[in-house]
Amino acid sequence: MSLLSTSTALALDANGHVTKPLQSAFLAYATNAQSNIAVGSDVTVIFDTEIFDQNADFNNSNYTFTAPVTGRYQLQTSVRIQDAMTASLYYYLQLVTSNRAYLGYIINTAAFDQDLNYLTLNITVLADMDASDTAFVKIVQHSGNQQTDIYNGTEYSTHFSGYLVA
Numbered sequence: 007m008s009l010l011s012t013s014t015a016l017a018l019d020a021n022g023h024v025t026k027p028l029q030s031a032f033l034a035y036a037t038n039a040q041s042n043i044a045v046g047s048d049v050t051v052i053f054d055t056e057i058f059d060q061n062a063d064f065n066n067s068n069y070t071f072t073a074p075v076t077g078r079y080q081l082q083t084s085v086r087i088q089d090a091m092t093a094s095l096y097y098y099l100q101l102v103t104s105n106r107a108y109l110g111y112i113i114n115t116a117a118f119d120q121d122l123n124y125l126t127l128n129i130t131v132l133a134d135m136d137a138s139d140t141a142f143v144k145i146v147q148h149s150g151n152q153q154t155d156i157y158n159g160t161e162y163s164t165h166f167s168g169y170l171v172a
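In this note's numbering, the protein residues as written are 7 to 172.
Calculated from the structure, these hints are not laboratory results. Every residue, glycine too, gets a C-beta built ideally from N, C-alpha and C. Treat each hint with caution, since some may be false.
Unchecked claim - Lysine to aspartate or glutamate pairs mimicking DMTMM-like chemistry, simulated, CA-CA at most 20 Å apart:
| id | residue 1 | residue 2 |
| --- | --- | --- |
| 1 | Lys144 | Asp89 |
| 2 | Lys144 | Asp48 |
| 3 | Lys26 | Asp59 |
| 4 | Lys144 | Glu56 |
| 5 | Lys144 | Asp54 |
| 6 | Lys144 | Asp134 |
| 7 | Lys144 | Asp155 |
As the list claims (entries may be wrong) - Derived DEER-like restraints, expressed as beta-carbon distance ranges:
| id | residue 1 | residue 2 | range |
| --- | --- | --- | --- |
| 8 | Tyr111 | Glu56 | 27 to 33 Å |
| 9 | Pro74 | Gln152 | 34 to 40 Å |
| 10 | Gln80 | Pro27 | 15 to 21 Å |
| 11 | Val171 | Asn123 | 34 to 40 Å |
| 12 | Pro27 | Thr126 | 30 to 36 Å |
| 13 | Arg78 | Ser13 | 21 to 27 Å |
| 14 | Thr92 | Thr55 | 29 to 35 Å |
| 15 | Asn128 | Ser41 | 18 to 24 Å |
| 16 | Asp139 | Ser41 | 28 to 34 Å |
| 17 | Thr14 | Asp54 | 25 to 31 Å |
| 18 | Ala172 | Ser104 | 14 to 20 Å |
| 19 | Ala15 | Arg78 | 17 to 23 Å |
| 20 | Gln152 | Ala17 | 48 to 54 Å |
Construct all of the structure, not just a fragment, from the sequences and the given hints.
Right under this line is the structure:
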């Protein structure tokens with residue numbers, strides 16, 4: 007077995023900057039709107055475009071990150087919805103990993119005096135993941151009419167990112 011590798015695992019430049027070119031890190035966003043999402047059920051958010059995917063651990067065909075090694079992963083998502091309904095009791099965002107689901111709620115949208123043009127839901131978590139565990143994002147609109155859209159936009163307002171911390 008050769009101990010030599012064709013890939014650099016750790017790099018140190020002349021100024022002392024350390025980089026890990028094979029360290030898992032990704033940023034993906036939605037390029038297509040998801041119009042009139044289903045009411046009362048889980049809707050997977052489609053992150054179909056990668057800005058970067060260091061180590062190729064994000065799959066933009068099933069919108070899922072797969073942990074290459076056991077460790078702690080910093081994961082974050084921001085999902086902008088359009089035409090949020092006051093008739094819906096609540097919306098919630100789920101960042102689902104193999105070990106557990108992390109939730110972000112907007113409760114009592116009826117407290118607003120009219121439907122909202124847009125609303126952004128966010129989750130940030132330091133998640134424990136084992137090798138081959140997965141993470142993806144879902145959203146639920148509790149009730150009301152099927153009019154809410156998941157926004158896509160040039161400002162990347164709907165995105166999902168993560169990296170291996172330790």
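Consistency of the hints with the structure:
{"no.": "1", "hint": "Lys144 to Asp89", "verdict": "18 Å, holds"}
{"no.": "2", "hint": "Lys144 to Asp48", "verdict": "6 Å, holds"}
{"no.": "3", "hint": "Lys26 to Asp59", "verdict": "13 Å, holds"}
{"no.": "4", "hint": "Lys144 to Glu56", "verdict": "18 Å, holds"}
{"no.": "5", "hint": "Lys144 to Asp54", "verdict": "14 Å, holds"}
{"no.": "6", "hint": "Lys144 to Asp134", "verdict": "19 Å, holds"}
{"no.": "7", "hint": "Lys144 to Asp155", "verdict": "13 Å, holds"}
{"no.": "8", "hint": "Tyr111 to Glu56: 27 to 33 Å", "verdict": "28 Å, holds"}
{"no.": "9", "hint": "Pro74 to Gln152: 34 to 40 Å", "verdict": "38 Å, holds"}
{"no.": "10", "hint": "Gln80 to Pro27: 15 to 21 Å", "verdict": "18 Å, holds"}
{"no.": "11", "hint": "Val171 to Asn123: 34 to 40 Å", "verdict": "36 Å, holds"}
{"no.": "12", "hint": "Pro27 to Thr126: 30 to 36 Å", "verdict": "32 Å, holds"}
{"no.": "13", "hint": "Arg78 to Ser13: 21 to 27 Å", "verdict": "23 Å, holds"}
{"no.": "14", "hint": "Thr92 to Thr55: 29 to 35 Å", "verdict": "32 Å, holds"}
{"no.": "15", "hint": "Asn128 to Ser41: 18 to 24 Å", "verdict": "22 Å, holds"}
{"no.": "16", "hint": "Asp139 to Ser41: 28 to 34 Å", "verdict": "31 Å, holds"}
{"no.": "17", "hint": "Thr14 to Asp54: 25 to 31 Å", "verdict": "30 Å, holds"}
{"no.": "18", "hint": "Ala172 to Ser104: 14 to 20 Å", "verdict": "18 Å, holds"}
{"no.": "19", "hint": "Ala15 to Arg78: 17 to 23 Å", "verdict": "19 Å, holds"}
{"no.": "20", "hint": "Gln152 to Ala17: 48 to 54 Å", "verdict": "50 Å, holds"}
The structure agrees with every numbered hint stated previously.
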